Amino acid sequence: MKFENVNRRFILKSGAALGVGLAAPMHFIRGAYAEDMSCNMPKGDTVTFGWNVPLTGAYADEGADELKAFQLAVKHLNGEGDGGMIATMKPTALKGNGILGKKVAYVQSDSQTKSDAARDGAKRMVERDGAIMISGGSSSGVAVAVQGLCQELGIIFMSGLTHSNDTTGKDKKRYGFRHFFNAYQSGVALGPVLGQEYGKERRAYHLTADYTWGWTQEESMKAATEKLGWKTVAAVRTPLGAADFSQYITPVLNSGADVLILNHYGKDMVNSLTQSVQFGLRDKQVNGKKFEIVVPLFSELMAQGAGDAVKGIYGTGNWDWKLDDDATKAFTKSFGAEFGSPPSQAAHTCYVQALLYADACERAGTFYAPAVIKALEGFEFDGMGNGKTLYRAEDHQCMKSCVVVKGKENPKDKFDLMEVVKVVPREELDYDPAIFGGELGPSDPKQC
Amino acid sequence: MFNNPARNDWLLLAGFSAVVLCLPVLLEPIGAAYPALMQKFCIFGIFAIGFNILFGLTGYLSFGHAAFLGVGSYAAVWSFKLFTMNAIPAIVMAVFFAALFAVVIGYVSLKRSGIYFSILTLAFAQMCYNLVYSVLTPLTNGETGLQLSLQDPRVIDAMFIEPAAGLPRVNLFALNISGGGYAGFYLCAVMLIICFFIAMCIFRSPFGMMLRAIKSNQTRMRYTGFNTRPYLLAAFVISGMYAGLAGGLMAVTDPLVGAERMQWTASGEVVLMTILGGAGTLVGPVLGAAVIKYCENIFSSFSPGTLHGAFGFLPDAIEDPIVSFLSLFVGDGWNLTLGVVFMLIVIFLPGGIMEGLRRIRMMFNRRPGNGRKIPATQTQPAE
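Line order of the protein sequences matches chains A and B.
When we follow numbering that gives the first Met the number 0, the leftmost residue of the first sequence carries the number 0, and every step to the right adds one.
When we follow numbering that gives the first Met the number 0, the leftmost residue of the second sequence carries the number 0, and every step to the right adds one.
Check the hints yourself; a few may be wrong.
Below, a list of computed lysine to aspartate or glutamate pairs in the EDC-like style, where the Cα atoms sit at most 20 Å apart [as the list claims (entries may be wrong)]:
1. B:Lys80 to A:Glu438
2. A:Lys421 to A:Asp323
3. A:Lys413 to A:Glu337
4. A:Lys169 to B:Glu161
5. A:Lys89 to A:Glu376
6. A:Lys328 to A:Asp415
No wet-lab data here; the hints were simulated from the structure.
Since we're looking at a predicted model, the values are computed, not measured.
Assemble the whole structure, with the sequences as input and the hints as a guide.
Dropping the structure here:
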C-alpha cells in the first residue's frame, strides 16, 4: 500500500463517509418500548403467522400437506369456508372473525428439512415479515432448532409434526408447544399390540434415522419391546435422506432377527420399507416364525408412497381421518372439499395448532406472548379429534389419545390404506414429565 | 490509466465499506433489508473472498471448503459451551481450528494439482462430514445439531457473571450479538470489511503476484527456481482461515451448528458464488455470495399467491399461464432460477458479474464526446 496520496482532503472525505456509515444503525433503533410489548405485536388490522414447512427433502410430502392445513386454518379463522373444527372445539373463544378483530395473514418458507435453512426462513418471517407465531415441522431436528431460535427471539413456536421425545423433553422451551404425540407414547401404545400379534419371543433389529427423533424412538421402542420379553439384536443408524437402504438391509438377513423395526419417516420410510419388501424379508421364516416389519410412526402419505408394501404393517399415528367423532368428520369434510383428498395426521396437527394459538390469544385478550403462553399452559379442551386433551403446563406436551394402525390388506381406494386397530386412551399414555429432563426457561418478552 | 493504484485501492475500500455499512438502506427496495439475511450476505461474502484467494489467484479449485466452515462453527459453539458467551474467543478459536485443519488437509492435498487436488479436497471434506454426522456424535450431536444448553459449564462466564434465567446470548461485552437485531449484522459487516482489506493487500502484494504466477504457469515457476509448495500451502491455509472465520461468525450470530453445513453441496455453493461473481476479482465473490443467498432466501419464499398479486393487473387469460410458468421458478423451485442464472452468466459472461459490470462501463465510456479515457479496471480476473 502506498500512503503518500493520503492528504487532508482525502481524510476529510473518508471521514465524512465513515460518519454516515456509523450513523446508519441509529436509524434502525426503535423508540421507547411499551411495557407489555412482545416481539411483533400486530399494529395494523392483520396478524401474521409464519409457516415453516419442508417443501423439499425427505419430508416434502408431509410439508406440502401441512401447508394445505395451515391455509385451511387461516380461512376458517377468518370466517371463510365451513369453519371446520372451530364449530366442534370446546371450549372455544374463536368467533370466526379473525383473532381479536384482526384478520389473519400468513407467510411461508421452505425449511428444506435442514436446520440452517429452517432457521433462516424463520428469521426472515420474524424480522422482515413480522410473523408473531411460527408453526410447522416434520423433522424433529428442525423443530428443536427452530424452537430454540423462537425462544431466543420471543416468538411462540407451535410445532407441527415432530415426534422426538426431546422436543418437549430434554430440549423443551417455554415458547415451544407440541400437540403431536411422541416416540415414548408410540412405544407404550404399540407394545401391547405387538406382543399380542407377534408373541413374546422375538428378536428385533432396528434401522434408525440418525438424528434426535430416530434416537429417541429407537430408545422408546427398545424399552417397549424389551418389556414384552423381546431381544434387540442390533440397532443401526442410517443417514437422513438416504435413497438407497440396501446396504443396511442386507445384514438384517443374516442377523438372526425375526422382526425389523424401521425408525424411519417420510420418503426414508417409503424407501426402506419398499426395499425391505423387495429383498423378500416378509416372505422369510426365521427362528420358525414369519419375519415381520414394524414401522412405529406411520402415516397415510407414506402408505401412499410405499404402495403394496404397507399391507399388514403395524404402526402408530397421532390421529386418523377415519376416526368416528364429529370433529374428525368436520375437519375431513372441509379439507376434502378444499383439496380433494383426506387430511394426513401432519395436516391435522398443524391445523389444530393454528386454532389453539388463535384461541389462546382470544382467551388472553392480547397477543402479548407471555400472556398467550399462560393461556395455553394447562388448557384443557375437547372436540379436536383426539378426545379430551390437556396442554400440560410442565412440558408443553399435549396429553391425549393416539391410534394404533395397520396397513389394509384390501384397500377400497388410494386414500383407504390404513385401518385403525385400536384407539389408545389418554390415561395409558400418561407419563411423568420429569423423566426426560430439560427446562422450559423463562417466558419474559423480547423486543425485536 | 493506472496512475495511482494505491489511491484507487483506498477509494475501492472506502466505497466497499460505505456500501456494506449502508446495506440496510440499500436493500430495503428489494425486500432483503432484515438482519438475518444481511448477516448471511456478509458471512458468505467472507467465505467467498477467502475461497477466491485460493481459487482466483492460484487456480487450485478446492471442493472441500465447507469442512473449514463447519470446523469453525463447531469450535465457536464449543467455546460458548465451555468458556464464555463472548464472541471474541469464539472467533479466535474458530479461525485457529480451521487453520489447523487447513494445514493438515492442505499438506496432503497439495501434493497433487488440477482435478486430483479437487477430488482430494472433496474426499477430505466428505470424510469430515461423515465424522461429524455419525462417528463424532458425542462432540457434534450429529444431524440434530450442536446447541447450547443450560447445563453447559461456561467456566469463564461462571466466574464473573451471575447466570440469568434461560440461555445466555452471545455478546461482545455489553452488546448482544445473537437473538436478532442489527448488532450481529454490524459485527459481520465490520469483519467483512477487514477481510476485504486483507484480501486486497494480498492481491497487491508480491505474495499475491507469486500466487498468480502459479496459476499462469507453475512449471515455469519451478524451473526459475521457486518452490511453489509453501506459497500454495500458505494460500490454502489463509483461505481455510477465512472459511473458519465465516463459520465462527455463523455460530456467533446464531449459536447452533448442524452437520449439513459441511456437506459437499455447501462446498459447491462457494464455488458457484465465486464463479458467479467473477473469480480472481476482489468484489466479485461478495456479489456472487449475495446473489445466491438472495435467491435462496427470497425466491424460495414466493408462493403462487405472491405471483398472482404481482401480475394481478393482467387479464386472467394471460395471467394464469404466466403465473403457472413462473411458479416453477419460485418457492421450492428456487434452485431452478439459480441454475438458469448461473448458466446464462457462465455462457455469456465467463468472467462473472464483474465482467458484466465492466462491459457496461466500457459501453458508456466508448461514447463519443465523453472525453474520458477508458480506464483499465483494477478488478481484472487473474489470468
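Status of each hint after checking the structure:
With a C-alpha separation of about 17 Å, the suggested pair B:Lys80 and A:Glu438 falls inside the 20 Å cut-off, and the hint holds. With a C-alpha separation of about 12 Å, the suggested pairing of A:Lys421 with A:Asp323 holds against the 20 Å cut-off. In summary, the hint linking A:Lys413 to A:Glu337 is supported, as the alpha carbons are separated by about 18 Å, within the 20 Å threshold. For the hint pairing A:Lys169 with B:Glu161, the CA-to-CA distance comes to about 23 Å; that exceeds 20 Å, so the pair is violated.
Pair hint A:Lys89 plus A:Glu376 holds up; C-alpha atoms about 16 Å apart against a cutoff of 20 Å. With a CA separation close to 15 Å, the supplied pair A:Lys328 and A:Asp415 stays within the 20 Å bound.
Hint check: a violation occurs at hint 4 only; the rest are consistent with the structure.
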